[in-house]
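*Asks:* Start from the sequences and build out the full structure, keeping to the hints where you can.
Protein sequences appear in the order of chains A and B. Numbering of the first sequence is given in the working numbering, commencing with residue 87 and proceeding in unit increments. Numbering of the second sequence is given in the working numbering, commencing with residue 49 and proceeding in unit increments.
All clues given are correct.
Going by beta-carbon spacing under 10 Å, a handful of chain A positions derived as facing chain B:
#1 S120
#2 L169
#3 S195
#4 L204
#5 S254
#6 S279
#7 R287
#8 L296
Just so you know, the hints here were simulated from the structure itself, not pulled from any lab data. Quick caveat, the model's predicted, so the values are computed rather than measured. For every residue, glycine included, the Cβ atom is placed at its ideal position computed from N, Cα and C.
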Amino acid sequence: MQSGSVRPQLTLWHRLAPQTRIGCVFLLVLAIVSTPNGHWQTWGVYGLAIAALILLTRVSLSKLLQRLAVESAFISVVLLGTLFRDGGQVLWQWGWLRVTTVGLTALGSVTCKTGLALLALNLLTLTTPVSQLFQGLVALRSPPLLVAILASMYRYLHVLQDEFISMSRAAAARNLIGNPNRHRLVVGNMIGSLFIRTYDRGDRIYRAMLARGYQGLPTVGQSPPLFARDGWALTVTVTLALLGQAIYLLP
Amino acid sequence: MVTHGLALSWLGGLFSMPLALHIPDGFLSPPVTGVTWLIAIALIAVCLKQVQSAYQERTVPLMGVCAAFIFAAQMINFPIPGGTSGHLLGGTLAGALLGPWAGSLVMVAVFIVQGVVFQDGGLTAMGANIFNMGLIGTFGGYYLYRTIRFALGRDNWRGMAIGVGVAAWTSVVVAAIVCAFQLALSGTVSLSVALWAMVSWHLLIGIGEALISVATVSFIWRTRPDLFYDSPRKTRLSAPALYR
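*Replies:* Encoded structure:
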């Protein structure tokens with residue numbers, strides 16, 4: 087996964103170790119999500135921090151917004167549900183549907199949280215290649231076996247997607263999609279036959295790995311060294327997270 | 049992607065269908081997040097241990113491709129009775145094919161990659177997503193399917209089909225109900241709205257899930273029944289008979 091317009095190793099953010107980047111984004115997302123409803127200024131602080139990060143990393147805005155648009159399309163459906171609830175002042179009523187101040191606050195708050203968290207996560211994946219993400223996860227003490235499974239999954243994802251696409255193209259070319267019942271049967275057969283092939287493929291991969299000296303334990307790449315800037319980045323993130331919360335905690 | 053145009057129009061777009069059970073960040077309160085994460089971490093730890101002892105060094109390649117398989121299978125759209133289209137969630141199917149532990153582990157891997165790499169489902173909400181679809185969908189789905197199938201007869205197709213179909217539908221609906229309760233407990237959505245919106249929609253999704261799961265299982269039942277986690281005994285007995 088290429089980050090496209092951003093050349094690697096260019097900005098301060100890119101020079102941080104992957105585990106530091108994951109840590110910073112995770113702390114930020116945690117702070118965003120655990121802010122109580124209605125604390126607008128806190129999200130304002132976090133929003134400014136993310137905006138600064140966008141400027142710092144020089145990710146292309148169009149790419150960021152494009153990804154955000156795709157992701158928020160299906161979130162919006164659930165979001166609407168937060169609007170309709172009891173409590174507070176009734177602002178608008180039609181039948182049993184009513185919009186109250188509490189509902190409006192909930193909608194705004196959840197929108198803020200989800201939007202900011204999505205922005206932060208997209209920044210991470212736009213600036214960090216997947217292989218580095220996995221390296222960072224191992225450095226953060228995730229079970230190496232799990233990360234090895236994830237890496238192996240990511241490697242074969244596109245292979246299997248391509249197989250599905252070519253199978254569905256073959257089915258479409260043979261006019262096998264006449265009515266819905268037939269269509270479902272064809273999809274079921276496709277998935278079934280691909281499972282059989284996948285299982286056998288797993289065995290072949292295992293034997294190929296053995297032939298190349300696989301010892302049964304996943305080899306984990308050297309985790310990149312940490313510098314003083316990694317410590318600083320984490321400190322700044324924690325300070326920002328606490329600063330945002332402090333607005334409402336302090337009298 | 050241009051070359052995929054034809055297939056994509058048939059698939060209905062790779063990313064078009066909302067994965068309604070994937071909760072994004074910001075919808076759950078800290079207590080709900082914490083509890084579901086704890087359960088998810090426990091599930092992951094036990095799954096890793098069980099799968100490692102069952103598959104040993106084949107774990108990484110086999111679980112990797114199977115997770116990629118579920119991920120790819122989730123992208124195929126098909127018509128659901130009632131006029132809309134949906135896609136497979138695959139929890140019960142993974143359980144029936146790979147067993148409860150490996151199936152859950154594969155689903156967990158799918159959720160982590162979807163959440164971390166593709167931003168489909170949030171980072172802090174991942175615990176809840178794993179709890180809903182990994183624990184309830186796969187683990188619960190598997191044991192429901194197994195109970196029904198073994199009650200109706202382990203070695204006949206009728207028991208298999210009814211078991212998979214009922215378990216697939218039930219696991220999706222129960223996961224949706226639990227998801228609605230999580231959202232309501234977090235104070236995000238009122239319980240009645242959450243239940244109404246989530247469950248009514250997933251009653252339909254569940255029918256699609258059941259139909260596709262049964263169609264998939266029937267193909268494997270006819271061609272390679274030995275691949276099932278609980279393979280029918282006929283094949284298990286007849287295979288050694290050849291070498292007797």
